[in-house]
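Colleague: Quick mapping for you: the protein sequence lines, in order, are chains A and B.
Heads up, the first sequence is in the working numbering, so the first residue is 1 and it goes up one at a time.
Heads up, the second sequence is in the working numbering, so the first residue is 1 and it goes up one at a time.
For the record, the hints were derived by calculation from the structure and aren't laboratory data.
A few of these clues could be false.
Pairs involving identical chains hold if they fit within one copy or between any two copies, as the list cannot separate such chains.
Each computed SDA-like pair below joins lysine to any residue, with the alpha-carbon atoms no more than 20 angstroms apart [as the list claims (entries may be wrong)]:
id	residue 1	residue 2
1	LYS263	THR96
2	LYS76	ARG63
3	LYS263	PRO17
4	LYS92	GLY255
5	LYS74	ASN147
6	LYS74	GLU55
7	LYS62	GLU283
8	LYS15	SER182
9	LYS92	SER182
All values derive from a computational prediction rather than experimental measurement.
Protein chains: 2
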Amino acid sequence: MSILVVGSVAFDTLKTPYGERQKILGGAATYFSLSASHFTDVRVVAVVGEDFTAENEAVMNKRGVDTRGIQHAKGKTFHWTGEYGENVNEAKTLNTELNVFETFEPSIPAEYHNSDYLFLANIDPVLQVRVRDAMPNVQLVGGDTMNYWIGGHRQNLEKMLQRVDVLLINDTEAKMLADDSSLPRAARKVMELGPRALVIKHGEYGATIFFRDGQFAGGHHPFRAPALPLDEVRDPTGAGDSFAGGFMGYIASQGEVNRRVLKQAMFYGGVMGSFAVERFGTERLQSLTREEIEARFQIFRELTHLD
Amino acid sequence: MSILVVGSVAFDTLKTPYGERQKILGGAATYFSLSASHFTDVRVVAVVGEDFTAENEAVMNKRGVDTRGIQHAKGKTFHWTGEYGENVNEAKTLNTELNVFETFEPSIPAEYHNSDYLFLANIDPVLQVRVRDAMPNVQLVGGDTMNYWIGGHRQNLEKMLQRVDVLLINDTEAKMLADDSSLPRAARKVMELGPRALVIKHGEYGATIFFRDGQFAGGHHPFRAPALPLDEVRDPTGAGDSFAGGFMGYIASQGEVNRRVLKQAMFYGGVMGSFAVERFGTERLQSLTREEIEARFQIFRELTHLD
């Protein structure tokens, strides 16, 4: 099965306690694609500028990612500059140059219209809605958003929420979106806005998936996947998008969506997130093998299973 | 198998978003005892004042807890006053009246000397060391501490750490004790100070147990137990001590200590913590049945297990 992702392809300039990098390949759609590519066929819709090289694009193609949906526009590529302190869960944005991303108008190539799954990475909900409505036949839609859209673009965001099956956000975003400090209560309120399931990411504590009653075969109790206790988080950038890539990529590889598949997908999400942060940028996602992924899946199992 | 706990028996005056209570039964040793009493025989060493009634003591006796080690001193019982806001993980202390607890000198009754397990609840590490040295034949020692002792009584605390097998603390305390912001690294550093295993409690995200290499049969990978996503945390007081009671109580009920038992104990710890916060004070721990405990254990399993 194939999955289409729409989102940012960018350059990141960043500093962490372990070093710094200038204008390395980044962006939500990039991390998502490379992560999901270990499970299924991936197609990307994004925009880049004239500074985006053939080598940059080849990073995705080498992993089999179809990049025909990446538009090359006049100007520069989206460029994020930020740093992380000792608390790796908090990024400090120093500069955001949207560049060609500012006027991004997603356009879905004809060859992508038969995609089976869709992931709306964190972009303007107006664009997310447009893309989702252009792909009426997908089997499942996943989506991401952020505090910026929750705080200031509520109406547009609610239209987007009515059109996604699974929303993936973090604790702070969930509490903000529901205006409720209790996670399970917040989860229920968010699902009342549309999503049939909600993945709330807890950073180093893992992630929990909540299910709307009667929406997926196999029960509706929540399910919690761990994160790996890592000695060194070299670069937290892209952890959430890599989680989403593992989660959605695994679902797409299974061809059916039920509670059992979604639970496994939560583990694969955590596995991919744990790999992403081990090295700077997308480096680790590029070099990974399926054997390494399965070995780490087993570690996640040992970390949580009684037997 | 029997377990001896030394710690505070107190009165709590508290306010939460769900209500307030005046001078209700509390204290670390109280929560620990009531929780552990669902698994094994418990004996308490503590001190109370003249305002501590026969009815107060009967709460423990009704659960089979041996209270012959509770000293009745002239003066008033330790009285804590505090409140919780929307963030239930943070207690705000409004007043601490140590009263008879200020000059507490633990004395272990002769009938307690054959206890098989020992738990040193959060008191002055000088006293913890004294009690531990008076009980040389116990099979396993668990211990708790807090930021006050970590910050200002380091030398005494290190003597205590050399004498406990399993330390139970929270994230902030672990990072402070190790002076390291990475949890797995902090865990290793804390275990180098003495404990063979370290339980780090993450509040609503559960708890992780780290093992020192080669100390317990069955491997040394960490293990993470969940917490229950609860809609309403009515009163968070005693959650950590109830966790410790379930954890140590289950271990004592098994008679042997290996990785398998410690993993199950982590689940029972989480189960007892989740019950404790459902109602004010010790109310829920008093009314609980073993059937309810086992049913919730199964929910914890469903929450985390793939199969």
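Colleague: If a hint holds in the structure, say so; if it does not, say that too.
Modeller: Structure-based check of each hint:
no.: 1; hint: LYS263 x THR96; verdict: neither (35 angstroms within a copy, 46 angstroms between copies)
no.: 2; hint: LYS76 x ARG63; verdict: neither (25 angstroms within a copy, 71 angstroms between copies)
no.: 3; hint: LYS263 x PRO17; verdict: neither (33 angstroms within a copy, 34 angstroms between copies)
no.: 4; hint: LYS92 x GLY255; verdict: neither (39 angstroms within a copy, 51 angstroms between copies)
no.: 5; hint: LYS74 x ASN147; verdict: neither (29 angstroms within a copy, 57 angstroms between copies)
no.: 6; hint: LYS74 x GLU55; verdict: within (18 angstroms within a copy, 80 angstroms between copies)
no.: 7; hint: LYS62 x GLU283; verdict: within (13 angstroms within a copy, 61 angstroms between copies)
no.: 8; hint: LYS15 x SER182; verdict: between (34 angstroms within a copy, 18 angstroms between copies)
no.: 9; hint: LYS92 x SER182; verdict: between (26 angstroms within a copy, 19 angstroms between copies)
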